[in-house]
Every structure is written in structure tokens, then in C-alpha cells.
Amino acid sequence: MRLSLVIVKMIKYIIKRLALSVLILAGVSIIIYSLVRIKPGLDFVEAKYYAQMQLDDTGEVKEMVKRQQEIYGLSSGIFEGYLVWVGNILDGNWGESFIFTVNTGEVELLVDAEGNPILDSTGNQLTKPISSSNVLDIIASKSTISFIIALIATILQFSIAIPLGITSATKQYGVVDYSVTVLAMMGISLPSFFFGALLLRIFSIQLGWFPYAGLTDPNSTLPVFIDNLHHLVLPITVLVILSIGGLMRYTRTNMLEVLNSDYIRTARAKGLSEHKVIYKHAFRNTLIPLVTILAGILPSLFGGAMITETIFSIDGIGKAAFKAVTSGDIPFVMAYNLFLSLLTVIGTLLSDLMYAVVDPRVKLIGGR
Amino acid sequence: MKNIVDKIKIKRKKRKEEAKHFISKEQIKKTAKENSRIIKQLERQNNRKNVPEEEYITTMRDPNNVVEFDNLHSYFFTDAGVVKAVDGVSFDIPKRSIVGVVGESGCGKSVTSLSLMKLLQSPTGQIFDGEIRYNAKDGKAYNISKVPKADMNRIRGKEMSMIFQEPMTSLNPVFKIGDQLDEVLFLHFPEMGKEEAKQKSISMLKTVNIAMPESIYSRYPHELSGGMRQRVMIAMALLCDPNLIIADEPTTALDVTIQAQILDLLRNIKHDIDGSIMLITHDLGVIAEMADFVVVMYAGRIIEKGTVREIFKNPIHPYTVGLQKSIPALSGTKDKLYTIPGTVPNPINLPNYCYFRDRCNKRFDKCDGAYPELTQVSPTHYVACYLADEMKAEIKAKFKEVDKNAKR
Amino acid sequence: MSTLTKDLEDNKNLPNQEESEVSLADSAKVISPGRLVLRRFFRSKLSLIGLVTLLFMFTFSFIGPLFSPYAETEATEDYKWVVSVLPHQIVVDEINEETGLEEEVTYYFYEVSDPYQVYSKTLPSWKHLLGTDQYGYDVLTRLMYGGRVSLLLGFIVIFSEVIIGMFFGSISGYFGGLTDQIIMRVVDIFNCLPGMPILMLAASLIDGWGVPARDRIYYLMGILTIFGWSGIARLVRGQVLGIRELEYMTAAEATGLTTRRKIFKHIIPNVMPQIIVQATLGLGGIILSESTLSYLGIGVPFPYAAWGTMISSTSGAEGRDILQNYPNIWVPAGVMIVMAVLAFNFIGDGLRDAFDPKMRR
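If you're matching them up, the sequences are chains A, B and C in order.
Residue numbers for the first sequence follow the working numbering, so the first one is 22 and each next one is one higher.
Residue numbers for the second sequence follow the working numbering, so the first one is 2 and each next one is one higher.
Residue numbers for the third sequence follow the working numbering, so the first one is 3 and each next one is one higher.
I should point out that these hints are in silico values taken from the structure, not numbers from a laboratory.
Each computed SDA-like pair below joins lysine to any residue, with the alpha-carbon atoms no more than 20 Å apart:
no., chain 1, residue 1, chain 2, residue 2
1, B, Lys199, B, Ser216
2, B, Lys207, B, Asp265
3, C, Lys47, B, Asp80
4, A, Lys297, B, Arg155
5, B, Lys177, A, Asp380
6, A, Lys297, B, Gly179
7, C, Lys47, C, Met341
8, B, Lys31, C, Phe44
9, B, Lys141, B, Met153
So that you can see chain A by itself, here it is in the shape it has in the complex:
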């Protein structure tokens, strides 16, 4: 009886939060769409294909331009246009990239003019891989490698930053604390493009310890997996060093706050060893604010790292986004932004739910 009540409450809460998330996503999409449409009379699709349309008036380009314009509702006013665009997005039609195509993995069976299958010498029907410019397909195909990199980096980041943050808080103003503080600051202050270039210059060009770019080296004698890891050392180093500082400081601040609380004094008064006081009583409480960090992890796991991936020429979603920005592929950039916002919203939702798991005081009623 009681349990079912709790479940009903939980479902109610989740529905409420979902509604809020939808509202936020609607707002995000409005901002993204208005950004594109804010200058009236400027049609980014036409602008992109302007040169080709001048050259080729036969209609193929025009057809393409028209299709693109339809997706973005560019022919109507900004309000109707927005509705058209959102409708398309809900239909799963997120637009077509100007510059990327990927193989979908499916194939088209080749037929000749009369509709008969074309066979090769062994009698198999010839096929042609179907390529797609649909941004969702591109995002899906490019985010795998980004995800792997981000996952390794995140695991490393957490397993280094949290223990260091705790040590730094428990030995406040000690040597560890000062070096952690300074290192964390350095990490926060380093621009990724500079740090990446520096690492490349020193460890790749000068010392030759790590490869210069890419994921694999055809001349390498190492097994493929090891070779890949070897290529990933520098980019992962950049990601970890840059993100570790914030987490370390966050852990430290929260730990300090917890260590000053009354229940820690109670734990000490019980006769618990300092180790138990810190890692059992204090740590569980530091976890609570750390849960909020989860909200940011999801986008960083799937969203790629634009600059790092570009510097190290890793063909992930981050590099794609970078390339899209620099070459004016607005459909892709719009979709990428929307995708990241979606991840952020889901992440926030998850972290709110996690709050209830970690902190017994939080009831899933009413929300924050």
C-alpha cells in the first residue's frame, strides 16, 4: 500500500519534470531557430548554394535548395517557419548537412534501364551503398569514437579528482592542498587549443613519443587496439587535465563544508578513526552535491570535444561540429546544438532523480 503510493508519487514527479523539460527544450529550440532567422531576408540555404545556383540552372540544385528550405520553413514567416521546423524535428527529420555524407550501412541493389538486376561475373547482384546527409545519421555515426574517448577521460577524471579533492580538504593548507589548488587553477585556466598545441609540439614533434594525429597508423607494428590507445593518450590527457581542476575544487569545497558540520563531530565523538570519519561519514555527504555534476557529464560524453578532436584530427562528432562551423554548415550546427541541449536536459533530469537516491532527505514530491 505504502510502496504503491510512493510509486504513484514518483511517477507524478517524473511526469512533472518531463513536462518542464519539454518546456525548456521548446525554449531552446526557439532560441536556436530565431538565431538563424533573426536577420530577415537572409536565407542561409540560398546563401550556401548561391554560387552553384548561378552555375547550374538546370534544376537539380534548385530542387535541393527547395527541399532544404522546406525543412527549415524558410519560405514562410519566422513563426510559421518555426512550427514547420519543429514539426519536422518531431518527425525525425532534423535536416540535411551541407558538407557531410555517411554510409548508412544499407545498400541499393543496382538495376539496369529495364529493371533487370545487374550481375557481376560470379552472378551476384551488384550493389551501391546508400549514403545519407541526414544530420541524425551523421551524429549517430560520428559520436561513437567521441563517446569512447569521453568515457575513458571521465573515468580517469573522477578517479583522480575525487581522492585528490578529499585529501586536499582534510589536509587543508598542507603541501598537497596548495599544489592541488594551483594545479586545479592551471587546468581551469588553460585554453584547450593552446594546451593541445603545446602537447603536440613537445611530445609528438620534439620527443616523438606519441603520434601526431588521427587514430591509427598504417605503418604501426602494434596491435590495432594498442595503436588506437597510443593515439588517444594525448587527447585524453588534454581532456582530463582541463576538466579535473573544476571537479577537484568542487570536491574540496564540499568536503570542507561537510567536515565542519555537527554530525562529523558526533562521528568523532563516537570514537571512529579519522579514516572512517572521512571516508564513511563525510564522503557520503559530499556525494550529494557531486550528483549535480552528473547533469553535465551526459553532454560531454556524447557531445564530443570540438577543439581537442580537431587538434588531434580525431574524426568524432566534435571535429565534425568544428568543421561545420568553419564551413557554414548551419543545418548540422543547429542539430548539434539541439542534440546537446537535449542531452543536458536529460542529464539534469537524471541528476535530480539521483539526488533522491543519494540524499534520503529529498522526496520526489514537489521538486526543488
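Given the coordinates of chain A, assemble chains B and C onto it according to the supplied hints.
Positioned in the frame of chain A, the structure of chains B and C alone reads:
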């Protein structure tokens, strides 16, 4: 022209005068340096491991005491200067007794109790000097101020336990009540099984008059009221059958009706356990009801101590008198409650005369002298006031009269 | 005579007594809160380092160019005239005069451009302390102008963010109810936008509008502000909500102060410390964002100098060469960015500790 020069001179003088009241940078640096030196030294001593027992085993002055504070100095080494929170405090807690420690907030009563538990906020808070002798269950006497941190864990929670002022924040919010209770048992009785510990915890919850102890056992702290949480804290303090329970203002944060219940509970417990209670409060009424002995503290020092009867019937120090006058009485026709004028002096740079002089309504010429020593007015009654000498004779006479009356 | 000396002695004693009286009353040495904050701030070595670094940056960027013999976009004489040669081949069907048959003939020809200047990158020398870049510009001078852009832009953006954030945050926290709901949902939306990608979208759109290079920086400030104010609004709202619950606000309410007076006299001053800390820390972030955008080529446009642009030379056509052989072109810019951001972070941290000594010993 001369006028201007004079003006400048005056201004400069004024600035110099002002500067006297500020701490100069050099001064801060000096104190900070000095502090860190002392702290390091004390911390190093505290953090040692495998210290031979001889270093902190001592003998009690009186084996009938549980705790003897002997000239305790607990200091806080802040950058603004050394805060002498407890400055030469000596008193005893006899076995099976309740000793009340009273005083305004900031007088050092909590610091005294935290020194006994070695829970001063490190690294700034340190026991600087003096001895705290503790008479353990096994018959050994420990000098708490010398016991290293690691060995202190055997005493804390098992031999002496503490009830804090804030029940709302003193329990860890993420663990269930039962887990927090069992933890103490597992820690001090490693051979105890899970089921046994649970039974003991539940029975202890029953002892502190919690209805439905089984249900409370599996609740989280935030699901309980303040009074309930304080009961849980008391149950936790009782779990290991300690020699001494320190109750640091256990009722201050509670409703008046709950306060009475908790005090009743504490009084009953005293009969149940074979130990003593050190009751810290600013409420003389509570002391009058509960305590056997009273210690009155002011600005880090004891100004008067004695049995309850002595302190309430024959208060000598004007501060004690003032405290008593400021208890609201249900009967009587007083329409205005007495307040002691002024505030406690700043604990940094205390003056070298009686700290209460400037608030005292009985101040006389002798008071301009050095800080008065504790003088004995009866076998158990001590007072740090120049009035004591004057009153000694008077009191003796009075006591004789009382005794005579008693004999009659 | 004897009475006189006695009087004198009494007089001598008098000031002493007075002094002891004074020292008692002032035995608690009173320091104003502001001075206390400053004192705590200056006691931290890191915040001092930050402050000194920042002062250096300002002198370097704003006074340095006055002493530089070169201008921001002035190429030095280290150039050579070159022509570019583009090989072409063309296949034409021609009738062979000998055979009379039509056959394919391949013609080769070279397209030669007009002569143009190419500037040589140079390593540090006495003439150019940090060398010159691929356009022949003096790196040291560009570094100074880049600092001007970054620092000025940072301060303007953070100032606008604080104004907007404070306005919406205090309204939201003070009035609560529906106003709060609406404003906070908008803040939520802005918080859910991905930071860098949305800036990139906006910046690349502005690029597409064909905004003149000189005006680009104003647009840049605009988008950095628009996508950055929400954090401060949220902070202010939280603080205001907390302050509203305090007793002294109830007292202010009871004395019948006007809303404006309550907000500006009693709430804003109490939120200020947090805002100052947040703004200082935010400054570092803005400088990072600006230089990242410049690095991507959608921030401060060429030919104007920006630290990010200077580093982006490592990824251009001559990227590998510059990365490997001309660290003088890109490393100083990176060091400047790190120094500026670190300085703001150190100062922000120092201020936070100074305002909120609870966290300190």
C-alpha cells in the same frame, strides 16, 4: 600657517592613536608565524603513533573522581591573536555525580568539555597546558592532554560520550538511525554480531522512552522531531555504558515542554548507569534541579565552584549572584528581570585585573589589583573574588548558625 | 614644594590611568568590515600574485603599444616579391595535319600570377623581440593589441552580464510567484544551451551576415553577454531569496520602506560580495571563450590582433611549420591567455575567501 601645522600634527597624532587599536601587518605576521610554530609542535605530539603508555598514564589525585581538570589551558591560535578560551581551569567530577558547568555563551564551558573529549577544532584549537586526568574503567588513569589521537579513539564513545546542543544537525543525515547506533557497538565491541547489536540498540531506544523503537531504528534522522533526535543522541551516548556523559547544553535547542522531558530522562539515566554526568548549560534553573556540584565560569576562568547548596544559598561572586537574579521566578512580584550590564571582555588581550570588574556592582578599591586568586571559603566552596575575604568571616558565622539550627 | 611634586606625580599618573581605561574599552580592536576583507585578501599570496599579474597585463596591453615602434597591422619590410605558378593541362581533339585524322592532344600551360609580397616569419631578434608572424607583423606588438581586445571585451561583457543578471535575478527573487517562475524558466533555458557550440553558431551566423570587421567585436560582446547572464541571475536570485528571509528585511518591511529602497539599499549591497567574486571568476571564462572563438576564426577578425587568432596560426596552411619551428608566434599568446585567466581566478578566489572567512581557518 602655524594653525595648519598644528592641525596636521593633531591629525597625525590622532592617526597614531587610532593605529594603536589596529593590529599592524607585522604584528599579524608575527602572531601567524608564532602560531603555526606552536600548532605544529602540538599537532606533532598529538599525531604520534605507538606512543608508550607510560607517557600518558598518571595517577588520580583522588581515586573517587572520574575526571580531574588540573590547570587546563585551551587556546585558539587565531591570526588576530591567541584566544584563551579556557585559562587555568581546575575542578573535579566525582564518581556517580552530576557536575553542572554554567556561564554565559563564550565563557569557555563548551571548550572545556571539548578539551576533555579532545574534539577541539584543530589545528587552531589546542590544549596548551595543564592536565585532564581521566579514571578509566580498567582502573588506569589517563592524562587526556597527552593521549595521542589514535589512542583517544578507544576512550571516546566507549568510556565517555557526548550529547550535543544541536540534535537537528548532530546526526548524519544519510544514514539510518539504526546504522548510526550499531556503528558505535561494532566499533567498541568488535565481537558483537549484527542481530545482537540491533537488539541492544533497540533496547537502548526503549530506555530513552522512544515509542516504537523498532520503527525508529530503520528511520532516517530527518523523519524525527528535535526531541526524538536528542533522545537518539542520548541512546547513542549510553550504548557503551560510559563512565562519563558530557551533555553540552542538551536542551537549549528544544521546546520548553520537551526540555523538561529530556532533563527527566537525564536524571533517570543517572540512576541507571554507574557513571557521572557533566552538564553544561547557561540555565541556572536546570543546574539547580539536576546537579550535585556547580562550576561557574566567566571569560575562560572559574569564578566560583561548590556544591549546589553552597552556590544557591550562599553565592559570593557578584556574577553568580547576578546570574541567579536573572532567573525568572514564577512566584514573587518582581516585574523587571535583572540583567547583568555590559558584556564579556574580548578573549584576546584580557586585562590583568578581575575580568568582571567593569560590570560589577560591588566593585571596590581592591578590585583594581591583580586578578583575584581562587580562595577557599568552605571545604568545597571556592571563589575568585576579593569580596570572599571580606565575607569569609560572615559566612562562617552564617554557617555556624545554620549548623546550630540543624542541630536543634 | 612637596605638594607641587605630588600634584605633578598625580598628573603623571593620570594619563596612565586614562590609557588603561581606554585600552579596556578598545581591547577589542575594531576594524571596519571593508578593511578586514582587504586585509584578508592581501594576506593570501595567490591573490597578490593574481593582482600583480593583472597590473602587468594592463600596463603591457594599454601602455605598451605607446612604446612599440610598430603598429598593429603594419608589415615590416621583411618580404619578398613572388609569383605563384599554377600548372594546367588541357586535352583537345585536333586534326593531325600529317595524317588528317582526329586525335587527342594534350597541352600543358602555366598560369602565372601577378607578383605579390610574401612576408617571412622570423625568429626573435633585437629588432623584433618576439619575431614576426606569417604576415610580417611584429608579434610583440600584436600581443599587446590582443591584450587590449581581450581585457576590454572581458570587462565590458562581464559588466553587462552583471547588470542584466542583477536586474532579472533581484526581480525574480524579490517578487517571487509568477514573475519568478517565468524568469527562472528562461534562465533554465539559457542554462541548457550548450556553451561553446551555441556561441559558435551565433558567431558563424554573424560571419554570414557580412558584418564589417571593425564592428564584429561589438557583435561578439553582444552574444557573449546574451549567453552568459543567466548564471549571475540565478546567483542573485538565490541570494535575494535568502536575504528576504532574514530578520532585518522584516524590519525594513516594518519600517515601510519603498520597494526600490529595499532592493537597492538593503538587498543589493548584501549580494554584492558574491557578485564581485562571481564576476571576477567569470572574467577568466569570458577571456577563454573569446580567445576560443578567435582561434576558430569567428571571433575578433583579421587583421585585428587577438591572442586566439595568433595561436590559430598553428592550424592554418603553414600550421605544422609554425608549430614546429616558430614557437615565438604562438606560445607567447597562449602564455598570455593562461596568465590572464589565472590572474582573474586567483583574485576571485582570494576575494571569496576574504569575503567568506568561514572556509578559512
